[in-house]
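Trainee: Here are the chains, one letter per residue:
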Amino acid sequence: MAEPAPHQEDAKQKRFRFTADPRLLGLVGVLVLLCVIGQLTRPDQFFTEGNLSTILRLAAAIGVVSVGVTFVIIAGGIDLSVGSIVALSSVWLTTLATQSYGPFVMVVCGLVVGAVCGLINGVLVAYGKVVPFIATLAMYVAARGLAERISGRRTQVVSDAGFLDFFRGDLLGIPVLIWMFALVFVVGWVLLNRTTFGRRTFAVGGNAEASRLAGINVKRHTALVYAVAGLCCGIAALMVVARTTAGASTNGMLYELDAIAAVVIGGTLLTGGRGSLSGTLIGVLIFTVLSNIFTLNNLDTDIQNIAKGVIIVLAALLQFRSRKKTRTSS
Amino acid sequence: MTEHSLHRRRFLLGGAAAGAGVLLSACTSNEAPASDASANVANAGSDTKPGKPVNIGFSAPAADHGWMAAMTKNARAQAEKFSEVKLDATEGTNDVNQQISQVETLINAKVDVLVILPFDGKALTATGQQAMDAGIPVINLDRVFDTPLAYRTWIGGDNYRMGVNAGDYIAAQLKAKNVANPVIGEVAGIDSLPLTQERSKGFKDALARHGFAVGPRVSAQFTPESGEQQTSNLLQSAAKLDALWNHDDDQGVGVVAAIDNAGRKEFLMVGGAGSRNAMDLIKADSGPLKATVLYSPSMASTAISLARLLGQEKGVGDFAEHEIPAEITTYSAVVTKENVAQYLDVGFDS
Numbered sequence: 124m125a126e127p128a129p130h131q132e133d134a135k136q137k138r139f140r141f142t143a144d145p146r147l148l149g150l151v152g153v154l155v156l157l158c159v160i161g162q163l164t165r166p167d168q169f170f171t172e173g174n175l176s177t178i179l180r181l182a183a184a185i186g187v188v189s190v191g192v193t194f195v196i197i198a199g200g201i202d203l204s205v206g207s208i209v210a211l212s213s214v215w216l217t218t219l220a221t222q223s224y225g226p227f228v229m230v231v232c233g234l235v236v237g238a239v240c241g242l243i244n245g246v247l248v249a250y251g252k253v254v255p256f257i258a259t260l261a262m263y264v265a266a267r268g269l270a271e272r273i274s275g276r277r278t279q280v281v282s283d284a285g286f287l288d289f290f291r292g293d294l295l296g297i298p299v300l301i302w303m304f305a306l307v308f309v310v311g312w313v314l315l316n317r318t319t320f321g322r323r324t325f326a327v328g329g330n331a332e333a334s335r336l337a338g339i340n341v342k343r344h345t346a347l348v349y350a351v352a353g354l355c356c357g358i359a360a361l362m363v364v365a366r367t368t369a370g371a372s373t374n375g376m377l378y379e380l381d382a383i384a385a386v387v388i389g390g391t392l393l394t395g396g397r398g399s400l401s402g403t404l405i406g407v408l409i410f411t412v413l414s415n416i417f418t419l420n421n422l423d424t425d426i427q428n429i430a431k432g433v434i435i436v437l438a439a440l441l442q443f444r445s446r447k448k449t450r451t452s453s
Numbered sequence: 037m038t039e040h041s042l043h044r045r046r047f048l049l050g051g052a053a054a055g056a057g058v059l060l061s062a063c064t065s066n067e068a069p070a071s072d073a074s075a076n077v078a079n080a081g082s083d084t085k086p087g088k089p090v091n092i093g094f095s096a097p098a099a100d101h102g103w104m105a106a107m108t109k110n111a112r113a114q115a116e117k118f119s120e121v122k123l124d125a126t127e128g129t130n131d132v133n134q135q136i137s138q139v140e141t142l143i144n145a146k147v148d149v150l151v152i153l154p155f156d157g158k159a160l161t162a163t164g165q166q167a168m169d170a171g172i173p174v175i176n177l178d179r180v181f182d183t184p185l186a187y188r189t190w191i192g193g194d195n196y197r198m199g200v201n202a203g204d205y206i207a208a209q210l211k212a213k214n215v216a217n218p219v220i221g222e223v224a225g226i227d228s229l230p231l232t233q234e235r236s237k238g239f240k241d242a243l244a245r246h247g248f249a250v251g252p253r254v255s256a257q258f259t260p261e262s263g264e265q266q267t268s269n270l271l272q273s274a275a276k277l278d279a280l281w282n283h284d285d286d287q288g289v290g291v292v293a294a295i296d297n298a299g300r301k302e303f304l305m306v307g308g309a310g311s312r313n314a315m316d317l318i319k320a321d322s323g324p325l326k327a328t329v330l331y332s333p334s335m336a337s338t339a340i341s342l343a344r345l346l347g348q349e350k351g352v353g354d355f356a357e358h359e360i361p362a363e364i365t366t367y368s369a370v371v372t373k374e375n376v377a378q379y380l381d382v383g384f385d386s
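Chains as they are written, first to last, in our numbering: chain A, 124 to 453; chain B, 37 to 386.
Misleading hints may appear alongside valid ones.
To be verified - So the derived label-pair ranges between C-beta atoms look like this: (1) Phe256/A / Glu357/B: 51 to 61 Å; (2) Tyr250/A / Asp131/B: 47 to 57 Å; (3) Thr394/A / Lys373/B: 32 to 42 Å; (4) Val310/A / Ala208/B: 31 to 41 Å; (5) Gln134/B / Thr394/A: 28 to 38 Å; (6) Leu163/A / Glu140/B: 48 to 58 Å; (7) Val313/A / Glu140/B: 52 to 62 Å; (8) Leu185/B / Phe289/A: 53 to 63 Å.
Unchecked claim - Residues from chain A that face chain B, not an exhaustive set, calculated with beta carbons under 7 Å: (9) Asn174; (10) Ser176; (11) Leu179; (12) Ala337; (13) Arg366.
What the hints assert, rightly or not - Residues of chain A placed beyond 12 Å of chain B at every Cβ, according to the derived structure: (14) Leu147; (15) Arg291; (16) Thr319; (17) Ala369; (18) Leu393; (19) Asp423.
Simulated from the structure, these hints should not be mistaken for lab results. The C-beta atom is built at its ideal place from N, Cα and C for all residues, glycine as well.
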């Protein structure tokens, strides 16, 4: 695999020494700090099995979406349409027709719709040469509109017990949703850090022209990366439907912003070429734990949003500083 | 890659795409459930005989959730009941600016009566007044304008009393069970909206009258997903709950799912608005949902009936007045297992 040298260096550092990354350590610090605050303010509730499971289940859907968005951003793109794709997939898999064919068709529908939407994004960006911001903005509007049309803006409650029993249930004492989240993360991590696909993703995001000269089919790869993000949205749609027992065109509201925030906090560069899924995971957990602490202490949501904003800015500053440091040290 | 294998690949890809297409098209058809066909229609007072033709202009926010969708659906269904009524309904929008221009278009088209459900009552006041000045009577639906100069008649729900009735019901139930110092939770709607603030104030005031207070409180976004997320956290914060009031039955689908997921059964829950889904759950009496306080979108049906009467310069049957009243506030009845049968007809599909 011939790749532009500086990025290979980067990717290597990411791949083999990701635990030692100072940015990640800073983030873990923030997460630990939040947990300490949670434990101090609600010692009776915070570190209970029930609460930790609640936090992880709340993080699951947005976490899965964020994994997809991380791929897109590392590849140098952006995806504003993820929330709408979650809505469309969830509505599609809960239509009466789909439900009457049983859980298997529901699952396949959710995944296929997500992946197809992502692929459309990717083809528009890669082959249509539409700027990612615009292509996914179009999908953001259109997918939500289609979701509203299909559902008639009603909340489509799932009556199929098989679907709900499985996705809402436990496996070996751990909720299925958490297994799914873990699985998506691990598969995503391996895909990004241990396969050609992942190396190409870094390369395309770092320098598309150099990648093309190095023999990578940049267009096809870009299209596939968006399809991966779309597939993640389909998986998230399954999770949202399982949790709310319903598909609604309002599902996935603001996921795109939450996911981008988590990805950026996690140290992935918006300019592409560098980033890590571990960072994204911690970014998602930071927000979920924050919201959990606020509710446990019965605090207003307005202040929570302010705190979110502060955390984003702090993380960005931290990222900028450590980037300068690594640059001077290397 | 050889020419042959390329062809094969294309063929496989094409086949996969076609298969996916077939699968997708099989999955989109969404036959409406039987209940959907029966949107709410009101009796038209004492006078249902066709009168002179009336052209009613209708403008409302985007039908982006069950209650709002039911408002528009009810208005259309009611208009269809009268052969002499023509309804000019504009596409719902949550952009105040766009709604203003929609209403202005209706004024220019010289409709006979306007029914306006403003996205934001304050922001649409001037436009309502403009219509009134142009001689078009305005029926202001639900979210109230800033001044009576801007409407001929206002019809809407009573957000404060919705909270009061929910609070009273919960207090009565807890007292009947002799619960001392109960933990009473609240899942509110969008906190920045005046209607949410009024509901919460009514709830708080009613509970205070019985010597109780609101415990853990979260605010959701009127969507099932936000209801589920907020409630999951709320249930974690309260190891024990005695009662829970949820402002909105749309988000209630998620609230019920969260309760179900947490396996909590120790408390009673009261909903809000009156969706069919909530009424079915109350009727089944299998979970914590024991009641819902109405805030029924049937008011949209009434508004169209009143608009017709206004256009035909008629009064309301059984009213001594010759004119229709200036203000009508619907009542937030408490729907329980005992009386749910009586209210099923106003339940809307969330």
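Trainee: It remains to establish, for every hint, whether it holds in the given structure.
Mentor: How the hints compare with the structure:
no.: 1; hint: Phe256/A / Glu357/B: 51 to 61 Å; in the structure: holds (59 Å)
no.: 2; hint: Tyr250/A / Asp131/B: 47 to 57 Å; in the structure: violated (34 Å)
no.: 3; hint: Thr394/A / Lys373/B: 32 to 42 Å; in the structure: violated (60 Å)
no.: 4; hint: Val310/A / Ala208/B: 31 to 41 Å; in the structure: violated (54 Å)
no.: 5; hint: Gln134/B / Thr394/A: 28 to 38 Å; in the structure: holds (36 Å)
no.: 6; hint: Leu163/A / Glu140/B: 48 to 58 Å; in the structure: holds (57 Å)
no.: 7; hint: Val313/A / Glu140/B: 52 to 62 Å; in the structure: holds (58 Å)
no.: 8; hint: Leu185/B / Phe289/A: 53 to 63 Å; in the structure: holds (59 Å)
no.: 9; hint: Asn174; in the structure: holds (5 Å)
no.: 10; hint: Ser176; in the structure: violated (9 Å)
no.: 11; hint: Leu179; in the structure: violated (11 Å)
no.: 12; hint: Ala337; in the structure: violated (19 Å)
no.: 13; hint: Arg366; in the structure: holds (5 Å)
no.: 14; hint: Leu147; in the structure: holds (27 Å)
no.: 15; hint: Arg291; in the structure: violated (6 Å)
no.: 16; hint: Thr319; in the structure: holds (17 Å)
no.: 17; hint: Ala369; in the structure: violated (5 Å)
no.: 18; hint: Leu393; in the structure: holds (27 Å)
no.: 19; hint: Asp423; in the structure: violated (8 Å)
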